[in-house]
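2 protein chains.
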Amino acid sequence: MTVKKDENIFKGVVHNMDALKEKILNEGKVLSDKILKVDSFLNHQIEPSFALQLGQEIVYRFREENINKILTVEASGIAVAFTAGLELNVPVVFAKKNRASTSDFNVLKSSIYSFTKRESIDIYVNKNYLHKEDNILLIDDFLAHGEALKGLVNIIRQSQANLVGAGIVIEKVFQQGGRALRDEGVRIESLAPVASLAGGKVIFCT
Amino acid sequence: MTVKKDENIFKGVVHNMDALKEKILNEGKVLSDKILKVDSFLNHQIEPSFALQLGQEIVYRFREENINKILTVEASGIAVAFTAGLELNVPVVFAKKNRASTSDFNVLKSSIYSFTKRESIDIYVNKNYLHKEDNILLIDDFLAHGEALKGLVNIIRQSQANLVGAGIVIEKVFQQGGRALRDEGVRIESLAPVASLAGGKVIFCT
Numbered sequence: 462m463t464v465k466k467d468e469n470i471f472k473g474v475v476h477n478m479d480a481l482k483e484k485i486l487n488e489g490k491v492l493s494d495k496i497l498k499v500d501s502f503l504n505h506q507i508e509p510s511f512a513l514q515l516g517q518e519i520v521y522r523f524r525e526e527n528i529n530k531i532l533t534v535e536a537s538g539i540a541v542a543f544t545a546g547l548e549l550n551v552p553v554v555f556a557k558k559n560r561a562s563t564s565d566f567n568v569l570k571s572s573i574y575s576f577t578k579r580e581s582i583d584i585y586v587n588k589n590y591l592h593k594e595d596n597i598l599l600i601d602d603f604l605a606h607g608e609a610l611k612g613l614v615n616i617i618r619q620s621q622a623n624l625v626g627a628g629i630v631i632e633k634v635f636q637q638g639g640r641a642l643r644d645e646g647v648r649i650e651s652l653a654p655v656a657s658l659a660g661g662k663v664i665f666c667t
Numbered sequence: 462m463t464v465k466k467d468e469n470i471f472k473g474v475v476h477n478m479d480a481l482k483e484k485i486l487n488e489g490k491v492l493s494d495k496i497l498k499v500d501s502f503l504n505h506q507i508e509p510s511f512a513l514q515l516g517q518e519i520v521y522r523f524r525e526e527n528i529n530k531i532l533t534v535e536a537s538g539i540a541v542a543f544t545a546g547l548e549l550n551v552p553v554v555f556a557k558k559n560r561a562s563t564s565d566f567n568v569l570k571s572s573i574y575s576f577t578k579r580e581s582i583d584i585y586v587n588k589n590y591l592h593k594e595d596n597i598l599l600i601d602d603f604l605a606h607g608e609a610l611k612g613l614v615n616i617i618r619q620s621q622a623n624l625v626g627a628g629i630v631i632e633k634v635f636q637q638g639g640r641a642l643r644d645e646g647v648r649i650e651s652l653a654p655v656a657s658l659a660g661g662k663v664i665f666c667t
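Going down the list, the sequences are from chains A and B.
Residue 462 is where the first sequence starts when you use the working numbering, and the numbers rise one by one after that.
Residue 462 is where the second sequence starts when you use the working numbering, and the numbers rise one by one after that.
Quick caveat, the hints were computed from the structure, so don't treat them as lab data.
Check before you lean on any hint, since a few could be wrong.
Where chains are identical, the list cannot tell them apart; a pair therefore holds if satisfied intra-copy or between any two copies.
[Said to hold, decoys possible] Straight-line C-alpha distance at most 25 Å; calculated SDA-like pairs for lysine to any residue: (1) K558 - K570; (2) K490 - S620; (3) K570 - I496; (4) K558 - L624; (5) K588 - H476; (6) K662 - N567; (7) K495 - K558; (8) K484 - N589; (9) K498 - L569; (10) K593 - N567; (11) K662 - N587; (12) K484 - Q636.
Work the whole structure out from these sequences, hints included.
This is the structure:
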């Protein structure tokens, strides 16, 4: 990913995301065979110009789709989703999280299980912001077991909107959430697919 | 706010934010004398090019400060904070929220009371991302009772960093959180200061 902020990524081909992978190797913290933290540039601190490149690359990979809306879930997906929305000049909707099950009839909701927090929560989107005419790209920072993404896909199905696919920054391929969704026909583009974190070492898929 | 996306807001003067105020009047929902929802463009759905103008205006108002970092709190402050970070090319840190009090010694934390959710939560920032040499601008979408902002100010004080001030999109001036912080010497710039929501009507400060 040698494209600078002011160059037009649309001129290029799909990029190898070497800069992202290097950043993960240099700044990421492998806390266990399952947990990778990238707080320095994605999940706690964000470098805007770098995040912009990630959003641009995701948009580039879906360039043939007529996307009119981006959907993500709060909180750490928002920044990259925002950059994609900025690039396409389309609105970005972020699903909200709620511990208590909502009884609001004006929302589309899905229950998801958080392996990190070991609890089920509801994610929901107000019906006003998803329509059956929409052509939606999902974006999230991480894909692991796929709970959040499955919840978002479920909400899109309820809305009868068209799902173009999902753009993910880091996919922990070994946790197989992506596999289940791909088996259902969801197109997923991951900028940095991680094959393994075993032994404290990040191994990317080739 | 007649500045278009591709013009340079730095050429202008402080803008009156008429477009923001119109959007609040047209799309905002006054749910009570105290509650204003702006889900259509800020708190649930975001219009990226519009949010970018808000971030640019905040940055413009603090243009004489040598800001090297933006601090906000998840989740709905992230988008506007991100645009400001993009404009200044500086990192954006978002404080995280936690219901359970954390005992992690590597974080700076502050307990805040949410009037909306009627509970106290911890917000925290990892010490790695705030340093005493930092010159920090706080950004948030709303300022009401000021609990979140006071918590962020408290965290900055713990870090010994310099606080340049706070940029807020919508300030509910009648709830007086801003007054308390200004009395302590914190510079606050609000793009849309709301004097009253009484009777279901949004009245801006003149």
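Tested hints:
Taking the shortest alpha-carbon separations for K558 and K570, both the intra-copy value of 10 Å and the inter-copy value of 22 Å come in at or below 25 Å. In this assembly of identical chains, the alpha carbons of K490 and S620 lie at most 25 Å apart only when taken from different copies (23 Å versus 38 Å within one copy). Taking CA atoms no more than 25 Å apart as the test, K570 paired with I496 passes between copies only; the shortest distance there is 23 Å, against 27 Å inside one copy. In this assembly of identical chains, the alpha carbons of K558 and L624 lie at most 25 Å apart only when taken from the same copy (21 Å versus 31 Å across copies).
Taking the shortest Cα distances, K588 and H476 never come within 25 Å of each other, neither inside one copy (36 Å) nor across copies (34 Å). In this assembly of identical chains, K662 and N567 lie within 25 Å of each other by CA distance solely across copies; the values are 23 Å between and 45 Å within a copy. In this homomeric assembly, K495 and K558 come within 25 Å of each other (Cα to Cα) both inside a single copy, at 23 Å, and across copies, at 23 Å. Proximity of K484 and N589 under a CA criterion of 25 Å is satisfied inter-copy only: 16 Å between copies versus 38 Å inside one chain copy.
Taking the shortest alpha-carbon separations for K498 and L569, only the inter-copy value of 18 Å comes in at or below 25 Å, while the best intra-copy value is 30 Å. When the C-alpha separation of K593 and N567 is checked against a cutoff of 25 Å, the pair qualifies only within one copy, where the shortest distance is 15 Å, while the shortest distance between copies is 46 Å. In this homomeric assembly, K662 and N587 come within 25 Å of each other (Cα to Cα) only across copies, at 23 Å, whereas the closest approach inside a single copy is 41 Å. For the homomeric pair K484 and Q636, the shortest alpha-carbon distance inside one copy (21 Å) is at most 25 Å, but the shortest distance between copies (43 Å) is not.
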